[in-house]
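Chemist: Given next are the chains, with one letter for each unit.
2 protein chains.
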Amino acid sequence: MKTLRQLGERGLIRQLQRLLPCGQCVVVGIGDDCAAVRSGAGGKRGGLLLLKTDAVVEGIHFNRRAAPRQIGWKAMARALSDIAAMAGRPRWALVTAGLRDDMPVRFVEDIYRGMAAVAGEFGVAIVGGETVRTRGPFWLSVALAGEVVRRAMRPRSGARVGDAIFVTGALGGSIAGKHLAFTPRIREAQWLTRRGFVRAMIDISDGLARDLGHVCRESRVGARLTASAIPIALAARGSLERALTDGEDFELLFTTPARDAERLMKAWQRAFPRLSLTQIGVIIRRKGIRLCDDAGRSRPLHEDGYDHFNPSHA
Amino acid sequence: MKTLRQLGERGLIRQLQRLLPCGQCVVVGIGDDCAAVRSGAGGKRGGLLLLKTDAVVEGIHFNRRAAPRQIGWKAMARALSDIAAMAGRPRWALVTAGLRDDMPVRFVEDIYRGMAAVAGEFGVAIVGGETVRTRGPFWLSVALAGEVVRRAMRPRSGARVGDAIFVTGALGGSIAGKHLAFTPRIREAQWLTRRGFVRAMIDISDGLARDLGHVCRESRVGARLTASAIPIALAARGSLERALTDGEDFELLFTTPARDAERLMKAWQRAFPRLSLTQIGVIIRRKGIRLCDDAGRSRPLHEDGYDHFNPSHA
Chain A
1 MKTLRQLGER GLIRQLQRLL PCGQCVVVGI GDDCAAVRSG AGGKRGGLLL LKTDAVVEGI
61 HFNRRAAPRQ IGWKAMARAL SDIAAMAGRP RWALVTAGLR DDMPVRFVED IYRGMAAVAG
121 EFGVAIVGGE TVRTRGPFWL SVALAGEVVR RAMRPRSGAR VGDAIFVTGA LGGSIAGKHL
181 AFTPRIREAQ WLTRRGFVRA MIDISDGLAR DLGHVCRESR VGARLTASAI PIALAARGSL
241 ERALTDGEDF ELLFTTPARD AERLMKAWQR AFPRLSLTQI GVIIRRKGIR LCDDAGRSRP
301 LHEDGYDHFN PSHA
Chain B
1 MKTLRQLGER GLIRQLQRLL PCGQCVVVGI GDDCAAVRSG AGGKRGGLLL LKTDAVVEGI
61 HFNRRAAPRQ IGWKAMARAL SDIAAMAGRP RWALVTAGLR DDMPVRFVED IYRGMAAVAG
121 EFGVAIVGGE TVRTRGPFWL SVALAGEVVR RAMRPRSGAR VGDAIFVTGA LGGSIAGKHL
181 AFTPRIREAQ WLTRRGFVRA MIDISDGLAR DLGHVCRESR VGARLTASAI PIALAARGSL
241 ERALTDGEDF ELLFTTPARD AERLMKAWQR AFPRLSLTQI GVIIRRKGIR LCDDAGRSRP
301 LHEDGYDHFN PSHA
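Protein chains in written order, with this note's numbering: chain A, 1 to 314; chain B, 1 to 314.
Possibly wrong hints are sitting among the right ones.
Said to hold, decoys possible - Covered stretches of chain B (chain A as the covering partner; in silico rule of three or more C-beta atoms under 8 Å from a C-beta of chain A): (1) 7-16; (2) 83-96; (3) 130-144; (4) 236-243.
No lab work stands behind these hints: they were computed from the structure.
Even for Gly, the Cβ is constructed at its ideal location relative to N, Cα and C.
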């Protein structure tokens, strides 16, 4: 009998998708950062409801040395980052916690303090949820509902040949600490889409190479990256490899029409002087991702992300 | 250092509530069956968005003998039952699954088939979610979004002195099998509220005594139950005690103005000939719940539900 380890996470998701009913009011369904649906409840026309859940598990997404506030912060901020990728406004969260009954109350409270801190910073109300008992590793699942104006939403499939490829911040080495304390790029994503700078957008959770791969596949294009342009985080200690493949950067990766690239850079520096924005390449017709050095030589770049059930890909 | 076992689940939730930001657009927040919020995304005026998450854990909510389709059915149907309690229309679900990598793929697929079956029956689209790896008991968390017209919504706090108290179906003994295969009372709840029969409503998940206690406390009233009227499920083998305190019946418990009780019973029998509806008591001014025998003698009824972290209450 085949196990999940043998099938791998992506294989499992492909098989499960075929089993699930997906209604007519669904604008963006399984596979993008969030689901986007047309709701009959509420006010404005042209508004969509964004829905996302994200879970973290002890021993997988954080270890025993992580502070409880950071665990809570990360659990909430991950889901916020997915709303950011859709240029949405996060609104309401429900938190489900699977807890062991020998956990100190203070520890659990600090987890919730961490969640409340980042939720409060982005105007999100925690409106419900529950705690259940587990005998295994403890876990937190955050369900987030947000809103987006339909024409501001930028799915992964919008990249066009010739587009400039940008990333915010610097990449790689998140495991050294950033993954527990990052700022979801909600404000930046809304600013970018409001000004019409974005054709396709994603948040980098699986690593630059893999997430750019998602954008390219869904947009049916390829990408050429300039190796020397890729911003390497201090924590990645100069390793381009890590900047390309480490997960959990939670920066924005997006494409912009080439003619707007210069105007974008200038406006960005005024709006966000403390967060770098870097053009790292261009969208090309030829499928796949190529990495170019300064001499113009290029090699194909293999995505090498993180597969939950398949340690050989980890 | 105090642990969750010592504090108990209700104590924990009380402490956590104080830590959480709760926004102005929240109509019903933490503590009711669902959160109800005013969304700016979407169409109709007077519509509210209902949000609910519900999790099941191996070894707690089901055991190793349960069929995977039943596990999936239960995970989804529990959340649907909470939407029913608010007289809402369930619309979209996201499913998070914490899975061990030695689980057979077929077993996991059958879990999702069970979820898809009950979701499909009630017009719910499964629009996203994720799988995460766990090394402990496996779990499923269902996040459900639904819609309700504001004036149709019946919170727990609406009961008035003199109201008749009704339950659907028969109670107790759910653990023998019904808890894995119940039908959420979505249609019945909508029918009841559309016709104006309901003042306060809840679904029975913690047991009749405890859930009626919730309604009484939030409505600041008491209740007098007629022992001989309480419908005992076959699986409870004639035990009134079990009908009063067993959890996971997932029937509707609601109150109706006394003058409407007879009209309700007649209309119900025409609309739902295969599901019983029983008046089990009345709402009274005096706080607490009293249980009366046919001779008119009464005794106070202690709620005795299920506390996840406190085995002494289990």
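Chemist: Indicate, hint by hint, whether the structure satisfies it.
Modeler: Structure-based check of all given hints:
no., hint, verdict
1, 7-16, "holds (count 6)"
2, 83-96, "holds (count 5)"
3, 130-144, "holds (count 11)"
4, 236-243, "violated (count 0)"
This entry does not satisfy hint 4, going by the numbered hints stated previously; all others are met.
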